[in-house]
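S.K.: Required output: the full structure, derived from the provided sequences and hints.
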Amino acid sequence: MGADTLGAILNSPAILQVSKLGPGKLVETLNWHVSTVYDEHVGTPFNFIYDVLQFSSGRDKFCALIQGYSKFASEVLAEPDSERHWMYRGIEDSLSDGRKIFRLFKEMREVYKVRRGWSRFCQGAQEHGPLSVPATCGVLDMLGHTCSFFYYLGDNLLWAASVGLVRSKEVPQMQRRMWKGFRKNGAILKALGGVANVKRKRNWASVWRLNFAICANLLMLYKAVLRLGLKRVADPDDPRLFHTVEIVGMVASYRVLLSKLKISTASHARLGLLAMLAAACGIWSNWRKVRRKNCGTKTWSQT
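The letter at position 204 of the sequence shown is residue 204 when you use full-length UniProt numbering, and the numbering goes up by one with no holes.
Note that these hints are calculated values from the structure, not bench results.
Hints may be right or wrong, so weigh each one.
EDC-like cross-link-like pairs, simulated, lysine to aspartate or glutamate; straight-line CA separation at most 20 Å [unchecked claim]:
#1 Lys184 - Glu170
#2 Lys199 - Asp81
#3 Lys289 - Glu170
#4 Lys289 - Asp238
#5 Lys223 - Glu127
#6 Lys199 - Asp93
#7 Lys201 - Glu170
M.R.: See the structure below:
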């Protein structure tokens with residue numbers, strides 16, 4: 001029956017018609033079919049995902065979206081202490097550890113961004129005055145990326161302590177079988193007040209970088225509204241839309257940080273929803289950056 005079916009397919013009118021075409025016409029026909037199927041029907045979601053994953057920041061936000069969903073689902077979509085509950089918690093913890101790779105050595109990039117902020121301040125002061133919006137945003141840029149430097153430095157220091165590169169009181173997981181007895185913090189963590197103090201300072205650095213970033217985006221949004229007014233947003237790269245999305249994502253991240261610092265605690269489900277909102281805003285911003293720089297997907301022409 002398999003041979004009969006294969007023979008029927010090979011002798012079908014469509015296959016016989018294609019086999020009679022010359023090589024050039026055959027390629028043209030196949031290209032038309034591929035373009036029709038991919039470009040018009042299934043290409044949009046694949047192109048979007050390709051663009052989102054183009055930068056490491058986009059991949060980080062995509063993982064953060066899944067992590068936030070897992071945090072939400074473990075409390076809302078699963079029974080407590082059930083197999084599905086612990087599956088979601090496992091996904092959440094695994095992605096939390098895996099996302100650290102996107103922050104490794106990132107403090108080095110912040111040094112350049114501080115210098116870039118100084119350049120923006122100088123340019124804004126020369127062209128519009130030292131108290132202008134561009135100059136003020138340059139100062140906020142410098143302050144925000146300075147806080148980001150200490151955030152990433154603290155985060156990577158905690159990673160180094162978790163694997164044993166920096167001595168801490170807590171024995172690294174891979175050394176627990178061979179380590180006997182208690183141990184003290186090394187010189188670095190002792191000087192910084194221990195792991196808990198480093199975590200607290202890291203989270204506060206993140207709070208302050210968000211403060212500066214939110215202020216800068218509010219000023220840029222104000223400037224964009226003055227220039228463009230309140231007319232309808234017709235372009236996805238409209239600065240009013242871009243800065244609004246940035247602010248919404250930052251406010252969501254801010255609320256999550258306040259819960260981490262135990263200033264205003266929230267439920268696991270609410271934190272998951274806020275994390276998803278912040279990640280979605282970050283994904284959108286990264287996608288628009290890729291499209292503006294024209295370093296993502298291309299539009300294929302039919303030859």
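S.K.: Are the hints correct? Go through all of them and say.
M.R.: Evaluated hints:
1. Lys184 - Glu170: Given that 20 Å is the threshold and the Cα spacing comes to 8 Å, the pair holds.
2. Lys199 - Asp81: Outside the cut-off at roughly 28 Å; violated.
3. Lys289 - Glu170: Roughly 41 Å between the alpha carbons, so the hint for lysine 289 and glutamate 170 is violated.
4. Lys289 - Asp238: It holds: about 12 Å lies between the C-alpha atoms, which stays within 20 Å.
5. Lys223 - Glu127: Distance of about 15 Å is within 20 Å: holds.
6. Lys199 - Asp93: 17 Å, holds
7. Lys201 - Glu170: 19 Å, holds
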